[in-house]
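Got chain A; can you put chain B on it based on the hints?
2 protein chains.
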Amino acid sequence: MTYCVAIKLNAGMVFLSDSRTNAGVDLVNRFRKMTVFEVPGERMITLMTSGNLSISQAVVQELMQQSGSDDNSSLWNVNNMFQAARLVGEAIRTVYAHERAAFKDFGVEFNVSFIVGGQIGSEEMRLFQVYAAGNFIEATDENPYFQIGEAKYGKPIVDRVITPETSLDEAAKCALISMDSTLRSNISVGLPLDLLCYEKSSLAVTKFTQITVDNHYYQMIHRTWGARLREVFGEIEDPTWTRGGEGELDISTSGVARPVFAPRPHGSEVRQLNANTQYLAQGSF
Amino acid sequence: MTYCVAIKLNAGMVFLSDSRTNAGVDLVNRFRKMTVFEVPGERMITLMTSGNLSISQAVVQELMQQSGSDDNSSLWNVNNMFQAARLVGEAIRTVYAHERAAFKDFGVEFNVSFIVGGQIGSEEMRLFQVYAAGNFIEATDENPYFQIGEAKYGKPIVDRVITPETSLDEAAKCALISMDSTLRSNISVGLPLDLLCYEKSSLAVTKFTQITVDNHYYQMIHRTWGARLREVFGEIEDPTWTRGGEGELDISTSGVARPVFAPRPHGSEVRQLNANTQYLAQGSF
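Sequences listed follow chains A and B, in order. At position 50 of the first sequence (counting the first as 1) the number is 50 in our numbering, and the numbers step up by one without a gap. Numbers in our numbering are just positions in the second sequence, counted from 1, shifted up by 1000.
Chain A on its own, in the form it takes in the complex (with noise of 0.2 Å):
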């Protein structure tokens, strides 16, 4: 499968994607997942995709072909980042006209997904997702960050962390730790990693690598991340349990908190606690 996150925040954009693709977990693959529009000082337009990697190598293709010299044309034209969403939307609707039929016969789902971001002239930075059906949703203040693929594990750290004041510097590393807790929850994610911070209004690629298992940084993060996490979660202190009451309780009338039992057949419709049970009144626990 895939992870991919795009933060946007008001220093730049941070982009980063896995390069593991799998059809079944007997055919592993690398594909890169990151593909750039540039021109420098004038556009810088990134494109994400997860889901059906037929579907999504064909929509970049339709998008590379397009080289029109009529304005909005083509991502090396379109005026502004809402036509260049438009524009991998419709590229994603005419590879969908082309493969329905076949895909209908055979079952296979149209699943495709793409992030696009980034930035022409002068208009403000912008960052989209794209869905399978072409129409798409761009990020915001609130929300100032788009996932594909397998993004549930690595939600949680970015939820906590990221907000539009985060630093490039700072987002490129929650990005990191975000994508090493979905790697170590998912085999279905895998290095190499694509990593590109956008400089606002630079219009050009000024910060990109390229992440393999050798790299220091990301095993620092690994290692560290980990590390600390089990340290934090070492030092906050553990449930102290009291107890509800003393003796033999009766359940019905006791105010404590009691799980759901079934009832006993053939036996005491009341059960009574064990006198060494630990209930739990609200909020002493």
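I should point out that these hints are in silico values taken from the structure, not numbers from a laboratory. Check the hints yourself; a few may be wrong.
Unchecked claim - Listed below are the simulated SDA-like cross-link pairs for lysine to any residue, each with C-alpha atoms no more than 20 Å apart in a straight line:
| hint | chain 1 | residue 1 | chain 2 | residue 2 |
| --- | --- | --- | --- | --- |
| 1 | A | LYS200 | B | SER1202 |
| 2 | A | LYS200 | B | HIS1222 |
| 3 | B | LYS1200 | A | LYS104 |
| 4 | B | LYS1200 | B | ALA1097 |
| 5 | B | LYS1200 | A | TRP241 |
| 6 | B | LYS1200 | A | ASP238 |
| 7 | A | LYS104 | B | THR1240 |
Stated by the list, open to error - DEER-style ranges, computed between Cβ atoms:
| hint | chain 1 | residue 1 | chain 2 | residue 2 | range |
| --- | --- | --- | --- | --- | --- |
| 8 | B | ASP1214 | A | PHE82 | 19 to 29 Å |
| 9 | A | HIS216 | B | ASN1079 | 49 to 59 Å |
| 10 | A | GLU90 | B | GLN1065 | 54 to 64 Å |
| 11 | A | GLU109 | B | VAL1108 | 51 to 61 Å |
| 12 | B | GLN1219 | A | GLN57 | 42 to 52 Å |
| 13 | A | ALA133 | B | GLU1042 | 21 to 31 Å |
| 14 | B | HIS1216 | A | PRO164 | 28 to 38 Å |
| 15 | A | SER201 | B | ASP1214 | 42 to 52 Å |
| 16 | A | GLU138 | B | ALA1101 | 41 to 51 Å |
As the list claims (entries may be wrong) - Stretch-level coverage of chain A by chain B, calculated; a stretch enters the list once three of its residues show a Cβ under 8 Å from a Cβ in chain B:
| hint | segment |
| --- | --- |
| 17 | 32-45 |
| 18 | 155-161 |
| 19 | 165-171 |
| 20 | 205-219 |
The structure displayed is predicted, hence computed values, not measured ones. All residues carry an ideal CB built from backbone N, CA and C; glycine is no exception.
Using the frame of chain A, we list chain B on its own:
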């Protein structure tokens, strides 16, 4: 939706479930998802459910109605936990047989899964996950936990912290952190929580609490974990970028990492690197 997690340790077992169900976002209700079959001193079996509520309730009802005195005919008289898991599987199949025609007509998916754990007599504690088809798998030392429902958000912390040697209270803390991450990232999971800590060989419920928003310990977890996570995040050094080369580099011959660039139409095939681009050699990032 739902999030339930059960962890089997040397010292006992931890069961944690939320209580939110929803049929669309405009029909959100509370249903407790943990049911305990207990004969103190003889057996303690905990069920947790996720999936279609009508199915899981029907399955629990089916199991509660079984009171036959024949060996292995109900959870009250099964001789071991394997038989208990099998009974749960059979109850699911019974409900399936009853519902399948109508579900098929209405295009409703038969979606349900169970966690079944506990201890009977002198047998070891055992933990199972039962699927909608009634088949099941058992937890082992290598994989000492199961999750059902919205499992992914809360998986990384469990993966990083839990081993069979973890203490019961630590595992309860881990389950609550895992739940907190899930609640934060997914509104279909909600308080109150049922938390049951089963102490090995107690053959009874000795530690249970229901956690609402007022619970001090959960409030502390919620507050502290997020804050400490951000602290640790802040302590990990940000990446530093080193310049791959000075001046204009020909990307076709440079050894440094570069993104996949879409080839520019009507222009030079070989992209000229921006003088300010900080392309990074592997490991220097």
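Need the list of violated hint numbers for this structure, in ascending order.
Result: hints 1, 2, 3, 4, 7, 8, 11 and 13 break, sorted rising.
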